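Novice: What follows is each chain in one-letter form.
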Amino acid sequence: GENVEQHPSTLSVQEGDSAVIKCTYSDSASNYFPWYKQELGKRPQLIIDIRSNVGEKKDQRIAVTLNKTAKHFSLHITETQPEDSAVYFCAASKGRGSTLGRLYFGRGTQLTVWP
Amino acid sequence: GAVVSQHPSWVICKSGTSVKIECRSLDFQATTMFWYRQFPKQSLMLMATSNEGSKATYEQGVEKDKFLINHASLTLSTLTVTSAHPEDSSFYICSESSGPDTQYFGPGTRLTVL
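First to last, the sequence lines map onto chains X and A. For what it's worth, our numbering labels the leading residue of the first sequence as 1418, then goes sequentially. For what it's worth, our numbering labels the leading residue of the second sequence as 19, then goes sequentially.
If we strip away everything but chain X, and leave its shape as in the complex, we get (with noise of 0.2 Å):
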């Protein structure tokens, strides 16, 4: 099956610093990668995905990169805001369709941002 490692586990950054989280995979049949904000006693919220054919995708202060060759992929948040603070999971899958759709986590990132 998959594996999907995570780093760091915990993370602190002054507000408007930027932050990374990174994650491997291993698995080189996994073409999609999203990323999951939680808050305390919350649901996963995606906050951005990106899939096999893309390097890079970005969406304001959030962005992802994918290096397949390698097998990790990385989430960037610029500018952070204290709203920022939070668990970051990222996650690898084979695709849609039955047990195909799976999604294998990593363990988590708590992201605290210091006003």
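Keep in mind that the hints were calculated from the coordinates and are not lab data. The structure presented is a predicted model; accordingly, all values stated were derived computationally and were not measured. Idealized CB from N, CA, C, for every residue including glycine. No false leads were slipped in.
Listed next, the stretches of chain A that the computed footprint assigns to chain X, with coverage defined by at least 3 CB atoms under 8 Å from CB atoms of chain X:
1. 49-62
2. 124-130
Here are the simulated distance ranges between beta carbons:
3. S1443/X with T35/A: 32 to 42 Å
4. E1422/X with L94/A: 32 to 42 Å
5. P58/A with H1424/X: 14 to 24 Å
Could you slot chain A onto chain X? The hints should help.
Specialist: Then chain A, alone, in the frame of chain X:
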């Protein structure tokens, strides 16, 4: 994105009783739903994949006779925790696939077994 609801949002039960959690897809006919469990400060652990009209596929180590999953319609999947024990206390979340890959999560159910 897709809208997924769960009921109840939290439940407290006595040890030995059974608890049913519902997951509804409000705007999408989901042939596949996923059930996850999340312990405090840990990642989401997939318990089973729920397929409409057929038996669920359970992950290794998850007891299918303890965690009963029913997916009788395209909009409803249920998870029943039978003979619950304190170690079953956790945050249970369902998700559904919308589009080619994207999964959206329900709000979760906090189960506390006394």
